[in-house]
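Generate coordinates for the entire structure from the input sequences, incorporating the hints supplied.
Okay, so the sequence shown: first residue is 1 according to our numbering, each after it adds one.
Just so you know, these hints were derived from the structure itself, not from any lab. Heads up, some of the hints might be wrong.
Below are the BS3-like pairs computed for lysine-lysine, each with C-alpha atoms no more than 25 Å apart in a straight line [claimed, not checked]: (1) Lys372 - Lys262; (2) Lys466 - Lys62; (3) Lys586 - Lys525; (4) Lys529 - Lys581; (5) Lys307 - Lys142; (6) Lys471 - Lys62; (7) Lys170 - Lys142; (8) Lys525 - Lys561; (9) Lys417 - Lys383.
For clarity, every value in this text was computed on a predicted model and none was experimentally measured.
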Amino acid sequence: MNKFSLSLILLGVVWANSFSKIIPKKISFDTSILQVSEDSLEFSEPEKRLVSNFIIDLAFSKSKTVEGNNKVWVGNGIGVSSAEISPFEANQEFEWTTFTSSYKNEIPLVVLDSLRDADRQSAIDSLGIGGGSVAALAANDKFVWVSTASSAGDDLSRGEGLSFTEDDGKTWFHFPQPLDSLRKDDQPESLQGINLDEFRLTYEIIDGDTLIANPVTTDIQNLTFDIAIDDSAVWIASFAGGLRKSTDLGQSFERIIVPSDKMDSLVYNGETDDIDFYISPVDLISSGQQLLIGSLNYRGFSVAVGKDAIWYGSAGGINKSLDGKIGKEWARYSFLNSNLPGNWIISIGIQNLSGSETVWAGVMPTDISGEKSGIARSVDGGKTWETMLTNTGRVFNFAFDGDYVYAVSEFAVFVTKNGGNTWAELPRITSGGDQILTQEFYSAGFDEYTGIWIGSGDGLAITSDKTLNWKILRVFPPSNPQAENYDSDVPNVYAYPNPFSSTRDNNLDGDGHLRIHYFLENESKVSLKLFSFAMEHVISLVSNSTRSAGETDEIWNGKDKFGRLVANGVYFYRLEREGKKDFWGKIVIAN
Numbered sequence: 001m002n003k004f005s006l007s008l009i010l011l012g013v014v015w016a017n018s019f020s021k022i023i024p025k026k027i028s029f030d031t032s033i034l035q036v037s038e039d040s041l042e043f044s045e046p047e048k049r050l051v052s053n054f055i056i057d058l059a060f061s062k063s064k065t066v067e068g069n070n071k072v073w074v075g076n077g078i079g080v081s082s083a084e085i086s087p088f089e090a091n092q093e094f095e096w097t098t099f100t101s102s103y104k105n106e107i108p109l110v111v112l113d114s115l116r117d118a119d120r121q122s123a124i125d126s127l128g129i130g131g132g133s134v135a136a137l138a139a140n141d142k143f144v145w146v147s148t149a150s151s152a153g154d155d156l157s158r159g160e161g162l163s164f165t166e167d168d169g170k171t172w173f174h175f176p177q178p179l180d181s182l183r184k185d186d187q188p189e190s191l192q193g194i195n196l197d198e199f200r201l202t203y204e205i206i207d208g209d210t211l212i213a214n215p216v217t218t219d220i221q222n223l224t225f226d227i228a229i230d231d232s233a234v235w236i237a238s239f240a241g242g243l244r245k246s247t248d249l250g251q252s253f254e255r256i257i258v259p260s261d262k263m264d265s266l267v268y269n270g271e272t273d274d275i276d277f278y279i280s281p282v283d284l285i286s287s288g289q290q291l292l293i294g295s296l297n298y299r300g301f302s303v304a305v306g307k308d309a310i311w312y313g314s315a316g317g318i319n320k321s322l323d324g325k326i327g328k329e330w331a332r333y334s335f336l337n338s339n340l341p342g343n344w345i346i347s348i349g350i351q352n353l354s355g356s357e358t359v360w361a362g363v364m365p366t367d368i369s370g371e372k373s374g375i376a377r378s379v380d381g382g383k384t385w386e387t388m389l390t391n392t393g394r395v396f397n398f399a400f401d402g403d404y405v406y407a408v409s410e411f412a413v414f415v416t417k418n419g420g421n422t423w424a425e426l427p428r429i430t431s432g433g434d435q436i437l438t439q440e441f442y443s444a445g446f447d448e449y450t451g452i453w454i455g456s457g458d459g460l461a462i463t464s465d466k467t468l469n470w471k472i473l474r475v476f477p478p479s480n481p482q483a484e485n486y487d488s489d490v491p492n493v494y495a496y497p498n499p500f501s502s503t504r505d506n507n508l509d510g511d512g513h514l515r516i517h518y519f520l521e522n523e524s525k526v527s528l529k530l531f532s533f534a535m536e537h538v539i540s541l542v543s544n545s546t547r548s549a550g551e552t553d554e555i556w557n558g559k560d561k562f563g564r565l566v567a568n569g570v571y572f573y574r575l576e577r578e579g580k581k582d583f584w585g586k587i588v589i590a591n
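Structure below.
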């Protein structure tokens, strides 16, 4: 699971208001209505490479392309990448395919010819994946689902919708971000005196209960942070949209009613008393007066499918469905009624060992005194909770390899092999001369053939022996003109990230890290010096040192030769290589 807006501020946002239907449809997945034919119009091809080092989410499935293989799915800052995983190669190289919003799969010509111009464009838009960055990714052996999001300016995010494939990415079906419709007929007595047109409120009657709702009618701040798939439905947790469920492959999403912040449980089955709370993630306020109270439990962040329950995490606690996977009966566990370190459930992971199920939660504080960040677990289906580690920062994801539990966070990767009784913090991840230059990790997953995968803002790391040896996967524009993916528009020496913030980019052990990348045809003596805009010497990173042939990185932490962070501005670097003309490049420091 992943979190697209990693520095999300919980904002009270203004939405248009309406109710969506609540009662789940009892139908199974059927994609026959969405099939495409061989006689079709082809758009752009997917890219045959990993295109980003910012690894937001990971998922695994059985391959539909090569029998016996697994498939890894990587959600990154540009799109979704996938690769085959063979059971027969211990240290295999991966051949990547990346699907971005520019990729449109095939549309039957007979369908296009039968549509009006507006409908033709709608049909085209319904294929491929959404624009922006991947926000969440989920896979099982039948489907892969992905949500995407983008910036809406002013520190706001926009949900770009959801897409799925059932043929290893050959065909993607896309749906816009789920929204609610407006209904305001027959104003209930509890809303008398409130101008529905002004506040755009609506209500729905479910099993005789009148529920007042704040509908979500915009994609602003309505981004899907997590996705879970069961045998007959896909579940999504969205910041503005809360928990929703689709049983018709994304054509519609039903709003799921969960307990309010004041409730420990909720049942609506026709025999319950009226549910008299306001279904909304924000309060209704007019002229400084609080008219209706919303619930943080309707701000969704995480969702997981257990053996016999759905688990939903929000800014108001962790919720468990008590009616199997229907979603009409819930228990809510929180900082106040359980031993959770906080109410904000960033992530949920489910560990299965010898038939038993342990539920793990990554927790952050909200605004209640005494809350902390940490990791909690339940070994008895949520009846009791234990806080296993505190002061972790945001824990974005979990992965499990037998007894081993991996929790990836903004500060480190935490590992336990005894159920959380003791934890170790992973040391710096290295592989030969390469290393992951960040302490912030966003994604993790387990593959039976290759082991644990961990995603960061500085690439992927894989270990098949728990934590001892790592393989690092990182993408960069090659500097070698003979390379398969060489781009003549990219200089053969370059610095990244650029502009560079030494306080924010690739932060590890208190330092930021920038790479200066170049290619050597042969083993050579190399010198690399940095200068200020006034051409004053700042630091020598390399002085007449031998470097092997191939693609090479030199690393700078943004400090001068006296160990001081350099000021914001423009800096120059000079690369000297044997038998080559000196190369001058530019770096912009923006702290």
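Hints, verified against the model:
1. Lys372 - Lys262: This hinted pair holds, its Cα atoms lying about 20 Å apart.
2. Lys466 - Lys62: holds (22 Å)
3. Lys586 - Lys525: holds (22 Å)
4. Lys529 - Lys581: holds (15 Å)
5. Lys307 - Lys142: Holds - the C-alpha atoms of Lys142 and Lys307 are around 18 Å apart, at most 25 Å.
6. Lys471 - Lys62: holds (22 Å)
7. Lys170 - Lys142: holds (14 Å)
8. Lys525 - Lys561: holds (21 Å)
9. Lys417 - Lys383: Holds, because 23 Å separates the two Cα atoms, which is no more than 25 Å.
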